[in-house]
Amino acid sequence: MIDLESIGKTYTRQTGESVRALDDVSLRIERGEFVAIVGASGSGKSTLMNVLGLLDEPTEGRYRFDAEDVSNLSLAARAGFRNARIGFVFQSFHLLARTSALENVELPLLYSDRADIAGLGERALAAVGLADRMQHTPAELSGGQQQRVAIARALVNEPDLLLADEPTGNLDAAVAAEIMSILQSLNRAGRTIVLVTHDPAMASAARRLVRLAHGRVVSDGPIASGDITLAPTVLEAR
Amino acid sequence: MKTPALIRQAIRSMDRYRLRSAFMMLGSLVGAAALTFVVSLAQGAEAKMLRTVKQVVGDGSVIVAGGGSRMMGGPHAAAGRLTIDDVAAAVQQVPGIEAWDPQAVVRETVRHADSTTEVRVIGGSEHWSRVWGRGVARGESFDRSAIEGSSRVALIGETVAHRIFGAENPIGGDIRIGAVPFRVIGVLEPFGVDMHGMDRDDEIVVPLSTLMRRVTNIDAIGAAKIVVADPRREDTVAASLRQALRARHRLDRDRPDDFSIMTSSQVQGMVSTIERVLWLYVPLVGGIVLIIGGGVAATLMLASVNERTAEIGLRTAIGARPADIRWQFIAETAATVVLGGLGGVVLGLAGVQLVALHLPLDSTVSWAAVAISVLASIVVGFAAGVAPAQRAARLNPVDALR
Ligand SMILES: Nc1ncnc2c1ncn2[C@@H]1O[C@H](COP(=O)(O)OP(=O)(O)OP(=O)(O)O)[C@@H](O)[C@H]1O
Ligand SMILES: [Mg+2]
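Protein sequence lines correspond, in order, to chains A and B. For the record, in the first sequence the residue sitting at position 205 is 205 according to this note's numbering, with numbers rising by one throughout. For the record, in the second sequence the residue sitting at position 251 is 251 according to this note's numbering, with numbers rising by one throughout.
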């Protein structure tokens with residue numbers, strides 16, 4: 001589904017100094033995979049995520065999504081593509097304040113030209129176990145519940161790919177495990193997921209591990225036991 | 001994004017940022033209120049003014065008034081008095097005059113049975129009705145013989161009739177003006193309040209000769225109205241009248257007039273000057289307030305964009321195109337400013353109603369004023385939204401979401 005070929009990303013700072021955030025990254029991700037991207041801080045995880053999510057353009061290389069070359073789409077075309085095919089979950093949940101969970105979840109539908117949108121918001125909320133919290137505002141929800149609303153928002157338009165950048169970074173371990181098990185069950189139901197984390201315990205929820213260092217892929221393979229240590233809470237949640 | 005969704009989002013945002021929205025509305029509220037209020041008042045006042053001016057100084061008429069302000073009677077110096085004979089002699093010498101009427105006005109106590117009231121009493125000639133364009137609604141007016149015989153007959157206004165006669169039929173009734181008994185022979189056509197705010201139905205008209213000889217002891221008149229046969233010759237007639245009056249008052253070359261003379265076109269010129277001021281400067285002030293309000297709204301909205309980078313980044317990430325973001329902020333600004341403007345219109349109209357209770361005005365709701373205010377706030381609202389929308393649409397989602 002996803003085919004990155006020799007992707008490079010160079011940031012040029014205002015001082016003129018340039019930062020090589022991604023360097024010759026080639027990566028293929030098939031439909032139904034659950035990939036964790038790990039690496040030290042500053043290794044380029046978020047940059048890779050932004051490129052995958054068409055939020056940012058690579059400076060070199062080619063990006064094909066379902067055989068379509070999406071490296072050079074216009075801003076508006078990328079927005080349309082994101083809306084229809086990609087769901088995002090962020091570390092800080094980015095929910096609109098004083099707005100009900102349901103309205104937050106339905107936000108992507110505003111920018112969609114789909115006609116059959118009735119009931120999608122309710123369905124997505126039910127899928128993350130918040131059917132009874134539709135009219136609650138973010139202030140009335142716990143952190144874990146807020147992130148579940150954000151996941152529902154990412155799912156509402158039934159995207160091909162779900163991207164999550166440190167989705168549990170703001171949550172304590174027990175709640176984080178809950179979020180991870182939601183992602184796992186989504187993956188079991190067929191959803192393709194790419195998860196960025198620097199927490200090995202969280203990465204262990206995935207089935208494939210991509211390790212970045214200095215903007216390069218240094219290892220890539222299925223998760224085998226011993227690769228990462230699992231936190232007891234995660235084990236319990238599983 | 002589709003338009004209904006856009007408007008719904010704009011309203012949701014106004015609700016989310018209530019304080020900011022309230023401040024944003026303030027400018028357009030005050031501006032539109034001022035605009036509506038003033039234009040409505042101006043239009044009401046103008047209509048009223050034009051109507052009364054037309055009635056009092058119709059086309060092709062000349063008003064001659066005594067030098068001082070002796071319209072209400074009172075002591076006066078010998079010099080500068082205007083007498084009936086002055087006007088009669090002047091009119092004799094000037095060709096092209098159709099009719100004229102001398103007038104004197106005094107305030108007097110009027111009595112009927114137990115009721116007493118104080119009203120303006122106007123003395124006029126048999127040409128009174130024709131020259132001033134006002135007749136009687138009931139009963140009859142007085143004629144030449146009444147003037148010659150100084151008859152004690154009176155025409156009373158509706159307000160006076162109501163006040164001293166109540167439900168009783170005033171025609172044929174007896175009244176006393178000062179100490180002098182009069183018989184009411186007619187009720188004046190209703191006029192309403194004039195441009196000075198005087199209730200012109202609160203007055204009595206009697207033969208001038210009767211007023212001067214029997215009621216008071218004046219021999220000077222306040223003013224005379226002269227109707228010119230050919231309105232286009234109004235200025236020539238006025239000039240000739242002036243020469244004749246100066247000659248009669250034996251004024252040397254270097255002495256100024258001791259009377260004043262004004263033609264209907266001069267009066268209407270004054271009215272149109274007032275109109276120009278009302279129509280040009282006053283809406284200008286309202287417009288400026290509105291524009292300043294727009295500036296305030298734009299500034300607050302820019303601040304709001306800076307505060308909401310995360311929201312903008314999120315919306316972009318989930319599929320908002322730059323155009324969607326741009327329209328969102330334009331719609332939000334415009335909706336807020338226009339809502340303020342609509343509030344201002346309501347406030348302005350309420351203000352006009354309030355003022356109309358106390359001032360002589362004609363039309364109290366000016367749809368032109370409403371249209372101007374609404375239109376102006378729409379234009380200002382959209383204009384104020386452009387800069388914030390532009391800034392929002394240019395935000396890089398990656399930076400905005402960090
Ligand atoms: N807009 C930018 N301008 C300049 N340099 C940038 C920019 N964004 C990221 N970088 C640099 O690119 C490199 C990769 O950053 P990235 O955010 O992808 O790291 P990360 O792996 O997500 O780190 P973390 O775990 O701390 O989130 C870093 O060295 C960072 O300083
Ligand atoms: Mg990161």
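Because the hints were derived from the structure by calculation, they are not lab data. Built from N, CA and C at the ideal position, the CB exists for glycine as well. Keep in mind that the hints are not guaranteed to be accurate.
Just so you have them, the derived chain A footprint on chain B, three or more residues with Cβ under 8 Å [stated by the list, open to error]:
#: 1; region: 8-16
#: 2; region: 39-52
#: 3; region: 306-314
These are the hints, each one checked on the structure:
Coverage of the region 8-16 of chain B by chain A holds in this model, with 4 residues showing a Cβ closer than 8 Å to a Cβ of that chain against a need of three. Figure legend: the region 39-52 of chain B, annotated as covered by chain A; annotation inconsistent (0 residues with Cβ-Cβ distances under 8 Å, at least 3 required). Coverage of the region 306-314 of chain B by chain A holds in this model, with 4 residues showing a Cβ closer than 8 Å to a Cβ of that chain against a need of three.
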